[in-house]
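Protein chains in written order, with the working numbering: chain S, 1 to 684; chain G, 1 to 201.
If you're looking for bench data, these hints aren't it; they were derived computationally from the structure. Careful: at least some of the hints might be erroneous.
[As the list claims (entries may be wrong)] Calculated lysine-lysine pairs in the DSS-like style (CA-CA distance at most 27 Å, straight line): (1) LYS182(S) to LYS37(G); (2) LYS597(S) to LYS285(S); (3) LYS127(S) to LYS4(G); (4) LYS182(S) to LYS61(G); (5) LYS37(G) to LYS393(S); (6) LYS182(S) to LYS5(G); (7) LYS576(S) to LYS612(S).
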Amino acid sequence: MPKITINGKEIEFEKGMTVLQACELADVEIPRFCYHEKLSIAGNCRMCLVEMEKSPKPIASCAMPAVEGMKIKTNSTLVEKARKGVMEFLLANHPLDCPVCDQGGECDLQDQSMYYGVDKSRFIENKRDVKEKYMGPLIKTQMTRCIHCTRCVRFATEVAGVPEIGAIGRGENMEITTYLEKSMESELSANVIDLCPVGALTSKPYAFEARPWELKKTESVDVMDAVGSNIRVDTYNWEVKRILPRLNNEINEEWISDKTRYSCDGLLKQRLDVPYIKKNNRLQKSSWDEALNLLVDKINSVQPNEIAGHIGDMINMENALSFKNFFKLLKSENLEFREKNFYINSDEKMNYIFNSSIAGIEDTDLILLVGTNPRHEASILNARIRKTFVQKKIPIFSIGNPGDLTYEYKIIGDSTEDIKKIVNKENDFSQKLLSVKKPIIIIGESALELKSGGYIFEEFKKFLIKNNLINENWNGLNILAQNASTVGLLDLKIIKDKKEKFSSFFDDLKNGKFKLLYLLGSDNLEFKKNDEFVVYQGSHGDRGAEIADLILPSATYTEQNGLYENLEGRIQECKKASYPIGEASEDWKIFNRIIKKLNLKVKTLNFDDLRKEVLKTVPNFSKINEIPKKSPIKTNNIETIFYNEKIFVRELDYYYTNSISRSSKTMSECRQIRQKIKKNGTNN
Amino acid sequence: MSVKKIHDNQPKEFKFSDENFKKVEEILKRYPEKNKKSAVMPLLYLAQRQNDNWIPLAAMKYIANYLAMPYISVYEVATFYTMYNLAPVGKHFIQVCTTTPCLLRGADKIVKLCKENISPNENEISKKGNCSWMEVECLGACVSAPMVQINDDYYEDLDEKSTKEILISLINDKPLKPGSYRGRKNTSPEKILISNEEKHA
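Looking at chain G on its own, in the form it has when it is part of the complex (with noise of 0.2 Å):
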């Protein structure tokens, strides 16, 4: 991972759409008026959703404008989150955790199948120009490691087969199911749950 580069075609434009402009209201709500600046991050990450899940600088000169605060504040913000894209991502954008637990787990063949099938280099888009992938921190689904998230969705309890198949069909625009690869339901245990009652029997 390194430092978020600006893309370079930016849209010369964004406003938040009438819909969003509801919900920006909303969100300034829930902070004082001489601190609304605070309503940075979640007014950053609405404009991506507006956005085709990237933030365009306008987007952030916008929202500075909007805050009262200074550009580089912003940016600053913008730079700092692995959650914020800076510049386009696929349709399809998957996410894989390569923190400790999904490492240990395997998460680097996971890395090493997305180079093979979307796209040689992180945030690249694929070939058919609906995928693109990055290594990102964990995401907080250790018990089903190693896992990816792609768009909204976590699939879990990933191997490499599972994994190809999933990256095959979003390159071919059909996503499977996210969830668990290996049948479980959730974060249950992975063998059928035994009370030590039945165990002694």
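Here chain S stands alone, though its shape is the one from the complex (with noise of 0.2 Å):
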């Protein structure tokens, strides 16, 4: 490996990484304001100058790249002239007034002018005016105090993929700004607050809300989507504040998407914090004792058969686990967890489970998407897709019309009868797949509800296992689940054996034969209420609450710890952030309230129990945090039938998937935006 001095100390470095990265090897900080490791280098902010021997000035170390035997100086009185004659300028026209500026206390400027400043400026101009601009209802400007490191172009060009920032003018009059002042159309267009190194952009939501340093904060992850970002949520006392990416690689890299960040101020609206018990077709506050005293007669009054629960989209695996233990008790079977009966086969984890990894999309050659559309199902994830392709020119085609992905694919059909060709080498793009070592096949949950969806799954992976692309080392069959407790609950087994395909538990509530329905914290359940007695168990007053007859309060994913498994079957661990509001309170807690109400004489169990026995359950677990285990590759020979059938890519009403963010006031501000009920901004 090649060598570079730096200070007087000698270090390796690989080749091709710049001065600057060197540096960071060598444990030399350096300070930098347009850098930033996941975008292209820029080198126009000039702060990160180092001194170089043999260069009569000094040079952009991010913009230079590490050459063998370079003797570099960051330490020298000649850097430190430089920087803070860089940073003389970058004040000169950028506004004192940190007091009202919402970056104070995380400001890259702030910290760096700690250093490098000088305490008085010999700039007797006035400062430039900027007007403000518009960027959306997430992103805040305040132009004047932008330094013009264009890590919000790069960024929206490059990672997000939706070219719509870009600097306007030139010199003095430089202006950074979305086109035409309109709002960014992009899932992960709030990363740019977190790339702003100054007060430029900051975050609308939270605008003016609270200080650094007077929130705690708790690092968990998030449950908006199955991809499982990791986020650092900031509480100040009861209320969630804010919601910011926490750095995982192997995940969401550095981004998460606008619904994880600021469904936030859902949590504190809407919420339940007392049971409710239906009155005349009222909901009434009660207590819990009457409360439970009603579900206990009622559970009482019905055959075990005639009681069934449904698990929602957030609900993490000790509480599931322990709801399935309660319907144990209750001697009852009727357990799901899907929104609609789409086709999974839980045999063994290989069959549900995103088995690439993430990180893994990044050694593809190809990918095909069926039924799926990763934009909105799984916006990090399609980042990382938008990634390779951006890097290796990969192919990506796609099986049903998903719309607009930020990257280019091509559509090859859109019937099951296209993927029967496929399977049976009848077509063209069979020999493609056969001719790549490693291709991605994403299977989304429009295909899998198909009557064929078990057509689809089981033929890709008897074509894949055939023609050796399913080995040790490659398994590129991945499911895309949509929802942030589908994994676990499978884990978990949920539901049994014989149901999982097609399962009765959907015809069961068409036809009225459930006489007591239990959702915990089900709002995505679409049925026709019939006479049941429906239990609502949850967070918020949302679809499911609606239709409950008595609503049993608990806490959201902030405000109680638990396991949840992402698509990549990922365990991983959401903390307490916060407590539950008012009376509410864990979903475990309760449903040991009410077997203790039972009288059922059995031993429950507390979280830590739970927390053991939910690690002892999920099959092939490695460690937390870590990626599942493979199995050795069994063929089966699970028979399907045939479909031909349309597939469809079901539109989903992104800001509007769950509870949470149904009920924030920010995303339905996006939502009208999105569907352009609200004017623009523009006056174009």
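Two chains, each in its own frame: build the complex with the hints.
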């Protein structure tokens, strides 16, 4: 490996690194504004100047490739003077409004000016003033503060794939803006707020809410989709003030989706804080005792097989297990978690997870999407596909039309007939598929919902195994789960073997066979209510609570500990950042109370026991935060029936997918703009 | 000079004329197929020529679609260069050079005259509706400073008197001839050329 001398210390670096990266290897901190690891190099802020031997001028270390034998100095007087000069220029036009700036306390410019700033200004002219720009309901702008690092421009173009931000004008008059001041049409737009090193782009919903040092920070995971993005939840007393991404290169890198970030104001609204009982067709507040007595009476008055339970999209594994144990005590087997009846084969773990792993997308050489729109179903995963597309120009194909995915792809069919042709090698595409080594096939729930959902999955699996495209090193047959709870609940065997293909739950529900329906945080189950008694246990007054006869208030994901399994089968811990509102309580505690009321005389499990049991139950479990162990590949001969059907990609109401985002004011605004109801803030 | 503003009244549609389309094809031939967006500058200029010396938004969108570029990129280019006008200009469009050599030779007086005779502010159409003016950076004719560019022609070696005459001729739609206003031919020295030999004779 080549060597470079930094401040007299010789270190080895990898070929292709820049001087700045080499300095980081040597634990030398270089100040920077425009440079960002995940973005292309711009080299326009000049803050990273260092001294290089034999160079008369200091060099911009972020843009200079490191070369064998280079001698770099970062602590000389020349460097310090150069940086001071750059800082003075940056501050020439930057307003000194830190006391009223939301970035204060976490501002790169503020921090670095502590080291390199001069205490007085030699600039006597007026500072330039730039008008605020409209960038949508999430991003608040104060463009006078902009130092033109162009990180936001590069993010929008490179990562988000929506080239809508740009720098107009030139020289002193350069301004950063979206095209004609329209809002940014991206699910990742708010990441520019984190990227902005100054207070030019700040968070609109969080404006003037709190200072960073007042907030309690809790490292947690997201449950808005099945990706399991790593987040940091910032709370002020009970309130969740904001949600920020945590770096995890395996999953979300440094980004999170807008829904993850901004549905947190939904945690404060529409909350259920006390039990409610429906009396005279109106929900009325009641006490826990009254509510539980009513529930126990109802349970005792119906047959066990007339009791059914449905688990929602954001339920953690401990609560789900506790619910399952509770239903076992009730001797009912009618448990379900799917919102629509889609095909899933839960014989082994590889049948229902994203086998290639999210980071593994970068190794692929071909991607086929089957009935899925990853942009809306898993925005972060889509960003990874885009990254791979941009870097390696891999071919991407789709069966079914998902719309704009921010990268180019080719639609090669829209019906199950096309899939039949592929697996029977009657199609040009099968040749293409056979000619590559690491193909990825992503099957979405829209495809699995079809009558031939089983056919699609099992035939693809047979095809790939037969042609050695699923082997010890590579398994690219991926299921894209939509909900945070899906994979975990499959691991807990919530649905029984017999029923998993096409369960009778949905038929029974339709035919009104159930007398008592217990919805555990389940808001997206679509059914016509007959005369069943509906119990809704959840956090928000949403669709589930609307039809409920009895409401038991429980905690949201930020208010309790719990394990979630993301679509890769990676188990991650969601941590308690706040506490449940009012009389609400954790779900498992509620079940224990009901069991006590039922006088069943069994030992109830506490949280630690539940967690132990969960980890014992999960197949292929390796470690927390790690992807599951691989199991040997088995050829199975499940015969499935083929139907000739059209594959539609179900349109997802992106900003309104769960009860928290539906309660969020910010999400509603985004949705309205998406639907073009609101005028776009431009004169055009 | 400040960032150029988009004009409020925008035409809905823009399309290259047949004649210009031939030019577009010619221009595109200069660049490799995969780098066809390099043609954005000549195309913008062509659009400006076609549309009374200014580029409407529709033309920017049209060019962006034509070259498969994001709208914002074309917009960035159009706002960067002073050569592109994003709002209507007068039939006689006066660009006054105010860079150092011209300024030293009295460009500020020309600017003052423009303010008095045409419009009090830059980029405003005159009362009669046929003229507008703006300050620009160096037009590369420092040797005959101060100077102005009116549409495609250079008017050089100006002083207050000649400038006023020119401006009035423009307002009356009878533009004077371009060239030096001190009787110079091209950029030759001002006095009659004397070689060393003649001087010492």
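Consistency of the hints with the structure:
no. : hint                   : result
1   : LYS182(S) to LYS37(G)  : holds, 24 Å
2   : LYS597(S) to LYS285(S) : holds, 20 Å
3   : LYS127(S) to LYS4(G)   : holds, 20 Å
4   : LYS182(S) to LYS61(G)  : holds, 15 Å
5   : LYS37(G) to LYS393(S)  : holds, 19 Å
6   : LYS182(S) to LYS5(G)   : holds, 15 Å
7   : LYS576(S) to LYS612(S) : holds, 18 Å
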